[in-house]
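Based on the hints, put chains S and U in the right spot on chain R.
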Amino acid sequence: MAEAARGEGSGPETWERPDRPKADADAPLVVDVDGFEGPLDLLLALARNQKVDLARISILALADQYLAYIEELRKLRLELAADYLVMAAWLAFLKSKLLLPEPQAGDEPSGQELAAALAFRLQRLEAMRDAAARLVNRDRAGRDVFPRGAPEPVELLRRSRYSASLFELLSAYAAQRQRQMVSIVHVRRRQVWSLAEGRELLERMIGSIAEWTPMEVFLSPYLVSPEIRPSVRASAFGASLELVREGKLALRQDGAFAPILLRDAAARDDDG
Amino acid sequence: MAEPTAITSLAPEAQRMALRMVEAILFASAEPLSADEIASRLPDGSDVASLLRELQHAYSGRGVTLVKVAGKWMFRTADDLAFLLRREQDEPKKLSRAALETLAIIAYHQPVTRAEIEEIRGVSTSKGTLDVLLETGWLRMRGRRKTPGRPITYGTTEDFLIHFGLESVGDLPGLEELRGAGLLDGRIPPGFSVPEPRDAPDLTEDEDPLDPEDLLPSALRED
Amino acid sequence: MAEPTAITSLAPEAQRMALRMVEAILFASAEPLSADEIASRLPDGSDVASLLRELQHAYSGRGVTLVKVAGKWMFRTADDLAFLLRREQDEPKKLSRAALETLAIIAYHQPVTRAEIEEIRGVSTSKGTLDVLLETGWLRMRGRRKTPGRPITYGTTEDFLIHFGLESVGDLPGLEELRGAGLLDGRIPPGFSVPEPRDAPDLTEDEDPLDPEDLLPSALRED
Chain R
29 MAEAARGEGS GPETWERPDR PKADADAPLV VDVDGFEGPL DLLLALARNQ
79 KVDLARISIL ALADQYLAYI EELRKLRLEL AADYLVMAAW LAFLKSKLLL
129 PEPQAGDEPS GQELAAALAF RLQRLEAMRD AAARLVNRDR AGRDVFPRGA
179 PEPVELLRRS RYSASLFELL SAYAAQRQRQ MVSIVHVRRR QVWSLAEGRE
229 LLERMIGSIA EWTPMEVFLS PYLVSPEIRP SVRASAFGAS LELVREGKLA
279 LRQDGAFAPI LLRDAAARDD DG
Chain S
64 MAEPTAITSL APEAQRMALR MVEAILFASA EPLSADEIAS RLPDGSDVAS
114 LLRELQHAYS GRGVTLVKVA GKWMFRTADD LAFLLRREQD EPKKLSRAAL
164 ETLAIIAYHQ PVTRAEIEEI RGVSTSKGTL DVLLETGWLR MRGRRKTPGR
214 PITYGTTEDF LIHFGLESVG DLPGLEELRG AGLLDGRIPP GFSVPEPRDA
264 PDLTEDEDPL DPEDLLPSAL RED
Chain U
64 MAEPTAITSL APEAQRMALR MVEAILFASA EPLSADEIAS RLPDGSDVAS
114 LLRELQHAYS GRGVTLVKVA GKWMFRTADD LAFLLRREQD EPKKLSRAAL
164 ETLAIIAYHQ PVTRAEIEEI RGVSTSKGTL DVLLETGWLR MRGRRKTPGR
214 PITYGTTEDF LIHFGLESVG DLPGLEELRG AGLLDGRIPP GFSVPEPRDA
264 PDLTEDEDPL DPEDLLPSAL RED
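Residue numbers (the working numbering), protein chains in the order written: chain R, 29 to 300; chain S, 64 to 286; chain U, 64 to 286.
Bound-form chain R, shown alone (with noise of 0.2 Å):
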């Protein structure tokens, strides 16, 4: 019934129904006019069915429609959603003030800038449900007309960029030489000739002195500055000990202060 009162849909694009809250199960039937969206909406599909323009529209007769409509309704029993029923009572209200002479120039609106107030209303509804029409049937993108299907990225390339200022520059390099001269005490390094790099030198001799030979000939190549004179000789005398005891190397020394002589402990002994 609601259905064949409906006006045309307003453009190709399928509307769904809107989302109404739906009764309660015990609630007694409430009909809200299924497919209408409020009192306005039919009362907009009724006064389509004036077929004149809306804004040349009788509004007695509208109300009168509305009226019946809702009459109509309620004959069946069916209960009516509360704003249907609110716009019935205003009708009726504007019917009598359309009805009635003038009243003396008031406060309140007349009946008639009332009809105008609602024709109004109708007129704007239904210009923006063309308006959504049109709206919904441009070339719409992602439906009608594409972007580049393919688009190539702008590649961003960060680079870092430095910066400083001489004064910052020059104040680092003060403030460090200055608390390296206040804090570092230049601790010369110890030209040191170890235990070992003595002992290895030796063991590499070891084989081949059949002779009494001094030691100085062996470190000869290694004493080259004064400070590292006594480092060597005293590690290396210190190893040559210590291959006396493992029986690798045989030591001798004619006297104080001789040259200390040195062979492998396996050569034979002419001297005794």
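Since the hints were made in silico from the structure, they are not lab data.
Cβ pair distances, simulated, as ranges:
{"hint": "1", "chain 1": "R", "residue 1": "Gln78", "chain 2": "S", "residue 2": "Asp99", "range": "49 to 57 Å"}
{"hint": "2", "chain 1": "U", "residue 1": "Asp269", "chain 2": "R", "residue 2": "Pro179", "range": "56 to 64 Å"}
{"hint": "3", "chain 1": "R", "residue 1": "Ala203", "chain 2": "S", "residue 2": "Ala74", "range": "52 to 60 Å"}
{"hint": "4", "chain 1": "R", "residue 1": "Ala120", "chain 2": "S", "residue 2": "Asp222", "range": "43 to 51 Å"}
{"hint": "5", "chain 1": "S", "residue 1": "Pro106", "chain 2": "R", "residue 2": "Arg171", "range": "35 to 43 Å"}
{"hint": "6", "chain 1": "U", "residue 1": "Glu276", "chain 2": "S", "residue 2": "Asp99", "range": "47 to 55 Å"}
{"hint": "7", "chain 1": "S", "residue 1": "Ala74", "chain 2": "U", "residue 2": "Asp265", "range": "42 to 50 Å"}
{"hint": "8", "chain 1": "R", "residue 1": "Gln208", "chain 2": "U", "residue 2": "Glu239", "range": "16 to 24 Å"}
{"hint": "9", "chain 1": "U", "residue 1": "Asp143", "chain 2": "R", "residue 2": "Ser191", "range": "32 to 40 Å"}
Derived SDA-like pairs (lysine to any residue); straight-line CA-CA distance at most 20 Å:
{"hint": "10", "chain 1": "S", "residue 1": "Lys157", "chain 2": "R", "residue 2": "Arg166"}
{"hint": "11", "chain 1": "U", "residue 1": "Lys156", "chain 2": "R", "residue 2": "Phe195"}
{"hint": "12", "chain 1": "S", "residue 1": "Lys131", "chain 2": "R", "residue 2": "Gly177"}
{"hint": "13", "chain 1": "U", "residue 1": "Lys131", "chain 2": "R", "residue 2": "Ala178"}
{"hint": "14", "chain 1": "U", "residue 1": "Lys156", "chain 2": "R", "residue 2": "Leu194"}
{"hint": "15", "chain 1": "U", "residue 1": "Lys209", "chain 2": "U", "residue 2": "Asp262"}
{"hint": "16", "chain 1": "U", "residue 1": "Lys157", "chain 2": "R", "residue 2": "Phe195"}
{"hint": "17", "chain 1": "S", "residue 1": "Lys209", "chain 2": "S", "residue 2": "Arg177"}
{"hint": "18", "chain 1": "S", "residue 1": "Lys131", "chain 2": "R", "residue 2": "Asp172"}
{"hint": "19", "chain 1": "U", "residue 1": "Lys190", "chain 2": "R", "residue 2": "Ser188"}
{"hint": "20", "chain 1": "R", "residue 1": "Lys125", "chain 2": "R", "residue 2": "Ala144"}
{"hint": "21", "chain 1": "U", "residue 1": "Lys157", "chain 2": "R", "residue 2": "Arg186"}
{"hint": "22", "chain 1": "S", "residue 1": "Lys131", "chain 2": "R", "residue 2": "Arg168"}
Partial chain R-side listing against chain S, Cβ under 7 Å, derived:
{"hint": "23", "residue": "Arg152"}
{"hint": "24", "residue": "Ala155"}
{"hint": "25", "residue": "Arg162"}
{"hint": "26", "residue": "Leu163"}
{"hint": "27", "residue": "Asp172"}
Just so it is clear, CB atoms sit at the ideal spot from N, CA and C, and this is done for glycine as well.
Positioned in the frame of chain R, the structure of chains S and U alone reads:
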């Protein structure tokens, strides 16, 4: 130069190169680019406006055309080839009649509050309707109306313009007629001023900025 | 038909339409398309090969070109315009204190090796510090010191002079000037000196030229 209005002093070769660059930049992007964005990637002093005009002319009537949407430029397939390219899976989510009507009202009446939308439609707006619309990215909350209750005002986004192929909200179909008929006027009966829809990012005189908590996702569910 | 090789019997208007269709299909496609795939979306009997040839010709020398990759067709930015699709973004960064000190020592004491820098600073220099400094473009490897181990010597570049507004490294203030500026305080032990830096491009007597492999990028990561 062939173009009498072009005040550019570029040699033809440089002019051709600049044109190729604009073409490449726009072709590479799936989103519209503003003239300024394009200019920032061209040699200094390029007359972007005239290059865009020339490019648009070169592509007119082709399978791909250069269009201006949301005040920006983009290449797009030609309107009349929709039949060729339309594919089922491309169909954007269908909006309910209520949502579509609400969208149109917001587009034409923006900035507009929920109460004003309801006044026009004559029904209350179900919560879901605005949610669905906000989700499309076509709508945004703009601010709050400086009236008691400080209701949120809604407007359309750049995505809205891009999706519906509009250069600005001033290009909404039928806008002039509607305005002429006084149908965009909120007051009943028609008053003195005829408001124009505006989606300018700055708020109107009767709008306040949104409250910080409005920007939380839950704020979309305005009651 | 202008194209003498085109054996298509389509009327010019239909031919133009078919060309527009191929253009739009290729433009909107997210993937390269084979001639067959294109043909399947065109009116029956379209000569896709000749349409593609014609389209490729129309786009030759333009900002965008129609190319065939792995047997399929796609639009792509012209090779010589690839630079438009890259944007460099400077990220301003401050040098760390260690980097600044190292840089200052290299500036004053160049040519200087890493071990010498460490001796002056009294702490070891992390690899990262020299890497960062080389990245600034203010430092360069000059050569190799003629001592056992042949360590690399470092010096400053022209960019260094430009950045710090110096005409030459000889303009770096000396001991007295540093003291005058209050950067060094009064009590300076005897024997303390600030070198007179020189950054002459030719190697000093105790420098060898760099080995060829020093110039490979991996050489920056000197251990």
